[in-house]
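With chain A held as given, fit chain B onto it using these hints.
So the sequences go chain by chain: A and B.
Converting from the first sequence to the working numbering requires adding 1 to each position, the first position being numbered 1.
Converting from the second sequence to the working numbering requires adding 125 to each position, the first position being numbered 1.
Be a bit skeptical, because a hint or two may be false.
Going by beta-carbon spacing under 7 Å, a handful of chain A positions derived as facing chain B [claimed, not checked]:
| hint | residue |
| --- | --- |
| 1 | VAL96 |
| 2 | ASN104 |
| 3 | TYR397 |
| 4 | LYS400 |
| 5 | PRO427 |
| 6 | GLU428 |
| 7 | ALA429 |
Sample of chain B residues with no beta-carbon within 10 Å of chain A, all distances over it, derived [to be verified]:
| hint | residue |
| --- | --- |
| 8 | ALA129 |
| 9 | TYR221 |
| 10 | ARG251 |
| 11 | ALA322 |
| 12 | GLU359 |
| 13 | PRO400 |
| 14 | ARG404 |
| 15 | ALA426 |
| 16 | ASP437 |
| 17 | ARG446 |
Hints listed in this document are in silico derivations from the structure and should not be mistaken for laboratory results.
All C-beta atoms, glycine included, are put in the ideal place defined by N, C-alpha and C.
This is what each chain is made of:
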Amino acid sequence: MSADDTAGRREFLNKAGATAGVVGLTSLAGCSGDDSEGDGSGGSDGSDGSENLGDPLPTYTYLNNAQSYNPPRHDAINLIANQFGELGFDMEIEVLEWGTLFNRVDVEYDYDFSTWHTFFTIDPVLELGTTMYSENTSEGDGNFAGYENPDADELMDQYLVEPDSDARVDLVHELQQTLMEDMPQMPVIDMPDIAAFNNNQVDNWEQELELGYNSYWTMINLEMQGDETTLKGYWPETLSTMNVLGHNDENKHTYQFAVMYDTLLRLNGDGEFDTEVSLATDYERVDETTFEYTIRTDHSFHDGEDLTAEDVAFTYNYITDNEVPLFSVQAGFLESAEVVDDSTVRVNLSEPLGPFNRLVATQLPILPEHRWADRDEPSQVNVQEPVGSGPLQFDYWEKGSEFGLTSFDEHFAPADFEDRYWRVIPEASTVWSNLLDGTLNYEPFGRIDRQLDENREEDNISVETQPATSFWHCTPNERSGGLDDPAVRKAAYNAIPRTSIVDQVLFGVPEPGFNVVSPAFGPLHTEDVTTYEESVETGRQRLQDAGYVYDDEGLVHFPAE
Amino acid sequence: MSKASFVVRRLLQLGVTIWAVGTALFFLFRLMPGDPTSFVVSSQMTPEARDRIIASYGLDQPMHVQYVRYIQNALTLDFGQSFHSNEPVQDVIWTYLPNTLVLMLTAFVIAYILGISLGVLTGWYRGSRFEKSTVVTALTARSVPTFYVGLIVLWVFGATFDVIPMSGMTTAGQDTGSFLSMVTSVDFVQHLVAPAAVLAFYFMGYPLLIMRSSMMEVLSEDFIDVCRAKGLSERAIMFKHAARNAMLPILTAAAIALGYAVGGSVLIETVFAWPGIGREMVRAVLRRDFPVAQGTFMVLAGTIITLNFLADLLYGYLDPRVTYD
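Only chain A is shown next, with the shape it has when bound in the complex (with noise of 0.2 Å):
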């Protein structure tokens, strides 16, 4: 990032915190006396006579979470808007409730810049999948971005079919080097995983692919320390079911049906396939469209019963039967599971999916079948006390005040501590209040806020952080005008202030994006994808470089017809 383009903190949170409703930005279209000396980015910059110029780029709107939702990614956006102003484009933010924002971009399409948290994923191609093909653009089917490119498709529909672990990872990456060119969406900031907690009580946070630092490898490997027993987190909000096949797939309910159940398989800390700690002891790929795996035969579920091969096949024919919205992606590539022997159970697919046990053996919860089996609407049963496998078990649910579990002893991957609980405590001050004075020992939600900055340094709190697979995207919505050029993404793309945005909004915490493929993806992200210089002067002269012109104003108007 240029020296220029580094605003100064006390400035550049001004302008974060500047904006509230729908506000115009117009007047900060790169039009400043400093730029138009100082860089010669402003005024009349590159305007070459109003014979060359078309019509303008037209007014974009960019949509933004109110502050008490997301604080600093409500500055973040208003800094983004900002610079788009810089650029030249005349922008406009609207601010409405997370609801309304989240139906108007993924339902309707009715915006032009929109940025959020992307979805956590255990591969990347499930999510691209839904964002980015082409055949997903009608409403509310997922490609809010409107990207179109039968490339991109291709990729995906190989990766997905390709058995061969080592092919996939060069498909990922050529697709990769393909979005990152074409610029659909735009990685603003790579999202970590955090843990920060009481160090005098618990320790060894590990983390995994999927759900970080609350994912079923991390429970199992915690380390208590003194004579502490119990895994006391906290969470903003109530969670709504106890049904691990009727819930939205937030993270509060993911993480904890992720160990109340087990899976056939599961990823260790290295997000590879390990049968120490899985249901499967075994696995094998019989042939394109049928695996099989080896199940354990000494397990149980929570309330005594034997979980065997039957309960396995129960649960695949059950959710593929029944069409469980959950899993629905999942289901779609079900036939049928069937019990081979007492150990044994064979998964059927109706077609080829590559990366089959990542992306369903790993997620799909056995169920016991003598407690499913009855029950013919599965998603919308009301469960009270929910019945797994996994290392911890239900132990009482006070709705809107606390949820808690407890070790499950005879699990083959026991957990170090005997009850975790997590209390519903909305207010974050009163949490690092817990957190120091070890009435709570972890903090689950990750916030990274103002609290975790100045309690990190304390001697008994530590705060581990590890790039997640998810970030925080920059979508322009290639149905308005001028959005669907790749060089006007770019020019955006270039305006975005990530570094500051790292550094001044969010604490130094996490890392400027560069690639909408994580690094936490291991094998799968590659660094060889084109970058982009971070500055407001790069992204004008590629603009103009496309042919685009500046106004009087600083605006930018198409080439003249």
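Relative to chain A, chain B alone:
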């Protein structure tokens, strides 16, 4: 008009008002931008699965069909199932409402006892230093945001002096058992003190100021002079005669305040992590959980309307001068 026909007419009005509120709620929530399924479904769900969920909620039906079904169910107090938890709305309400009532009613009782008493005294000792300082305190209590007072209380008495619990209704890490056993435990009372005190501080200003102004009005009436002429003690005049007659405006204020208490205080519930209906109501609205939002708002509206009606009836009983014309 006779008392009976007054009651019948007011009951009819009450029914119409509740129907109007219910109807407004139904259309308001459906006219809100935002798709309720956005909060229920996974981002990685197929469009077909999303459609199935919409159908299962009945949201694929025309609006008038949904409305007729809603009214039919509401007549039997059935507000359907939560989109998020699949629990019947009644269960959701019964989970959170008692927590709110314990907190709000405790605060309400403290606030009205203190507020009325101080209102009587400030009215009686008009112009004194006591009156001025009490009125300033009452105005401050009404003006400073409750969440701000709550945070200061937590910081001073919780984080600094460690004399109050920082969050929740009970100490963490234990199954509290039944509601009755919880609310009768010492642990619960310890958790109740701070949020109830903060709320009472806020509530208190209202009855205090109303009572003070009502007292001043009553004290200027002739019968007070008659009382004095009869040789009654000042204390007897203040409490038995003046305060009694000044109480009527408090009745309406208390009825409405009590109704609002059923809606909880989302700010206090948030600051003190109190699992009440206020937080749940806001959560339901933000997540477009129509059944829960409608159900909780209807309980709130129904309570306010009913208590107002009862206050009207009580007015006539307490003040024989009130007629039913």
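A quick look at each hint next to the structure:
Interface restraint check: VAL96/A against chain B, minimum CB-CB distance 13 Å, threshold 7 Å, status violated. Here the hint on ASN104/A is kept, as its CB sits about 4 Å from the closest CB of chain B, short of 7 Å. Among the interface hints, the one on TYR397/A holds; its C-beta lies about 4 Å from the nearest C-beta in chain B, closer than the 7 Å criterion. The criterion of a C-beta within 7 Å of any C-beta in chain B is met by LYS400/A, whose closest approach is roughly 5 Å, and the hint holds.
For PRO427/A, the interface hint holds, the least distance from its beta-carbon to any beta-carbon of chain B being 5 Å, beneath 7 Å. Here the hint on GLU428/A is kept, as its CB sits about 6 Å from the closest CB of chain B, short of 7 Å. Hint status for ALA429/A relative to chain B: violated, with the closest Cβ pair at about 11 Å, above 7 Å. For ALA129/B, the non-interface assignment is confirmed: its Cβ lies about 44 Å from the closest Cβ of chain A, beyond the 10 Å cut-off.
Separation of TYR221/B from chain A is inadequate, the least Cβ-Cβ distance of about 6 Å not exceeding the 10 Å criterion. Chain A leaves ARG251/B outside its interface by the beta-carbon criterion, the shortest separation being 41 Å against a cut-off of 10 Å. For ALA322/B, the non-interface assignment is confirmed: its Cβ lies about 17 Å from the closest Cβ of chain A, beyond the 10 Å cut-off. Against the 10 Å criterion, GLU359/B stays outside the reach of chain A, whose nearest CB is about 48 Å from its own CB.
Not every Cβ of chain A is farther than 10 Å from the Cβ of PRO400/B; the closest lies at roughly 3 Å, contradicting the non-interface assignment. Chain A draws ARG404/B into its interface by the beta-carbon criterion, the shortest separation being 7 Å against a cut-off of 10 Å. Every Cβ of chain A is farther than 10 Å from the Cβ of ALA426/B; the closest lies at roughly 22 Å, confirming the non-interface assignment. Non-interface status of ASP437/B relative to chain A is upheld: no Cβ of that chain comes within 10 Å, the nearest being about 35 Å off.
ARG446/B, annotated as away from the interface, keeps every beta carbon of chain A farther than 10 Å; the closest lies near 47 Å.
Against the hints set out earlier in the document, violations occur for numbers 1, 7, 9, 13 and 14.
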